[in-house]
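Participant: What follows is the residue order along each chain.
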Amino acid sequence: GENVEQHPSTLSVQEGDSAVIKCTYSDSASNYFPWYKQELGKGPQLIIDIRSNVGEKKDQRIAVTLNKTAKHFSLHITETQPEDSAVYFCAASTSGTYKYIFGTGTRLKVLA
Amino acid sequence: KAGVTQTPRYLIKTRGQQVTLSCSPISGHRSVSWYQQTPGQGLQFLFEYFSETQRNKGNFPGRFSGRQFSNSRSEMNVSTLELGDSALYLCASLNHGQVGETQYFGPGTRLLVL
Numbered sequence: 004g005e006n007v008e009q010h011p012s013t014l015s016v017q018e019g020d021s022a023v024i025k026c027t028y029s030d031s032a033s034n035y036f037p038w039y040k041q042e043l044g045k046g047p048q049l050i051i052d053i054r055s056n057v058g059e060k061k062d063q064r065i066a067v068t069l070n071k072t073a074k075h076f077s078l079h080i081t082e083t084q085p086e087d088s089a090v091y092f093c094a095a096s097t098s099g100t101y102k103y104i105f106g107t108g109t110r111l112k113v114l115a
Numbered sequence: 165k166a167g168v169t170q171t172p173r174y175l176i177k178t179r180g181q182q183v184t185l186s187c188s189p190i191s192g193h194r195s196v197s198w199y200q201q202t203p204g205q206g207l208q209f210l211f212e213y214f215s216e217t218q219r220n221k222g223n224f225p226g227r228f229s230g231r232q233f234s235n236s237r238s239e240m241n242v243s244t245l246e247l248g249d250s251a252l253y254l255c256a257s258l259n260h261g262q263v264g265e266t267q268y269f270g271p272g273t274r275l276l277v278l
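Residue numbers (the numbering used here), protein chains in the order written: chain A, 4 to 115; chain B, 165 to 278.
Hints are computed from structural coordinates only; laboratory data are not their basis. Built from N, CA and C at the ideal position, the CB exists for glycine as well. Hints may contain errors.
[As the list claims (entries may be wrong)] What follows is a set of in silico ranges between Cβ atoms, one per label pair, in the way DEER data are often shown:
| id | chain 1 | residue 1 | chain 2 | residue 2 | range |
| --- | --- | --- | --- | --- | --- |
| 1 | B | Pro271 | A | Ile65 | 39 to 45 Å |
| 2 | B | Arg237 | A | Gln17 | 43 to 49 Å |
| 3 | A | Lys60 | B | Gln262 | 17 to 23 Å |
| 4 | A | Asn6 | B | Ser229 | 42 to 48 Å |
| 5 | A | Leu49 | B | Thr244 | 43 to 49 Å |
| 6 | B | Asn259 | A | Glu59 | 25 to 31 Å |
| 7 | B | Arg227 | A | Val57 | 37 to 43 Å |
| 8 | B | Ser229 | A | Val57 | 16 to 22 Å |
| 9 | B | Phe233 | A | Val57 | 15 to 21 Å |
| 10 | B | Ser229 | A | Arg54 | 39 to 45 Å |
| 11 | B | Phe224 | A | Arg64 | 23 to 29 Å |
| 12 | A | Thr81 | B | Phe233 | 42 to 48 Å |
| 13 | A | Lys71 | B | Thr169 | 20 to 26 Å |
[As the list claims (entries may be wrong)] The calculated DSS-like cross-link candidates involving lysine-lysine, where the alpha carbons are at most 25 Å apart (straight line), are:
| id | chain 1 | residue 1 | chain 2 | residue 2 |
| --- | --- | --- | --- | --- |
| 14 | A | Lys40 | A | Lys25 |
| 15 | A | Lys45 | B | Lys177 |
| 16 | A | Lys45 | B | Lys221 |
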């Protein structure tokens with residue numbers, strides 16, 4: 004069935020360093036890939052997304068890359084700050100299915 | 165605009181009971197999705213509603229059901245609760261539910277089954 008694998012499950016980085024989280028999806032028809040940040044006691048919040056017709060997208064310190072052939076997509080956070088500490092989820096969706104398949108999450112800790 | 169609201173925020177039930185959770189989407193949004201979040205499984209899709217019609221459902225037993233009202237508010241019901249149903253239940257609101265639309269999540273309802 005449809006599946007999204009996410010790695011690593013936990014990631015600790017020093018403030019100012021970069022963080023990379025990787026996801027692999029199984030459904031080749033998937034065409035939309037959002038990333039969410041979830042802070043304690045809150046619901047996930049969209050931070051960046053990418054469609055299948057784009058290879059890379061950047062928004063200030065955050066970037067996402069997509070490799071359709073390998074069915075991989077990655078989140079890159081540069082110049083990490085303590086407020087980036089949270090759980091990050093990747094997801095994949097396919098037009099017409101009205102659902103999102105989520106990865107299992109990455110707990111990012113930025114050490115000051 | 166007000167965000168997605170979910171009630172109640174916390175709930176404690178015992179095995180065998182049933183529970184109803186409520187979600188009010190962002191004003192004007194007509195698509196509501198429900199997810200179950202657990203530490204081991206992450207976020208798992210339960211079902212999606214648009215204009216009172218269920219358009220898709222996940223792989224959950226029939227004890228999990230939902231509905232949507234004409235004002236787009238949605239409820240989900242879990243009957244005959246099991247210990248494994250303890251989780252954070254999240255609802256998400258979208259305009260039409262089309263791919264590429266931003267999905268806005270509520271804060272969730274934390275259900276504990278004893």
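Participant: Run every hint past the structure and note whether it holds.
Facilitator: Results of checking the hints against the structure:
1. B:Pro271 to A:Ile65: 39 to 45 Å: violated (23 Å)
2. B:Arg237 to A:Gln17: 43 to 49 Å: holds (46 Å)
3. A:Lys60 to B:Gln262: 17 to 23 Å: holds (19 Å)
4. A:Asn6 to B:Ser229: 42 to 48 Å: 25 Å Cβ-Cβ, so the 42 to 48 Å window is violated.
5. A:Leu49 to B:Thr244: 43 to 49 Å: violated (35 Å)
6. B:Asn259 to A:Glu59: 25 to 31 Å: Given about 26 Å between the Cβ atoms, the range holds.
7. B:Arg227 to A:Val57: 37 to 43 Å: Once the Cβ atoms are compared, 40 Å apart, the range 37 to 43 Å for A:Val57 and B:Arg227 holds.
8. B:Ser229 to A:Val57: 16 to 22 Å: violated (38 Å)
9. B:Phe233 to A:Val57: 15 to 21 Å: violated (37 Å)
10. B:Ser229 to A:Arg54: 39 to 45 Å: Roughly 33 Å apart at Cβ, these two residues miss the hinted range, so it is violated.
11. B:Phe224 to A:Arg64: 23 to 29 Å: Because 37 Å falls outside the window, the suggested range is violated.
12. A:Thr81 to B:Phe233: 42 to 48 Å: holds (45 Å)
13. A:Lys71 to B:Thr169: 20 to 26 Å: This hint is violated: roughly 37 Å between Cβ atoms.
14. A:Lys40 to A:Lys25: holds (14 Å)
15. A:Lys45 to B:Lys177: Holds. A:Lys45 to B:Lys177 sits at ~22 Å (cutoff 25 Å).
16. A:Lys45 to B:Lys221: holds (24 Å)
In summary, the numbered hints that this structure violates are 1, 4, 5, 8, 9, 10, 11 and 13.
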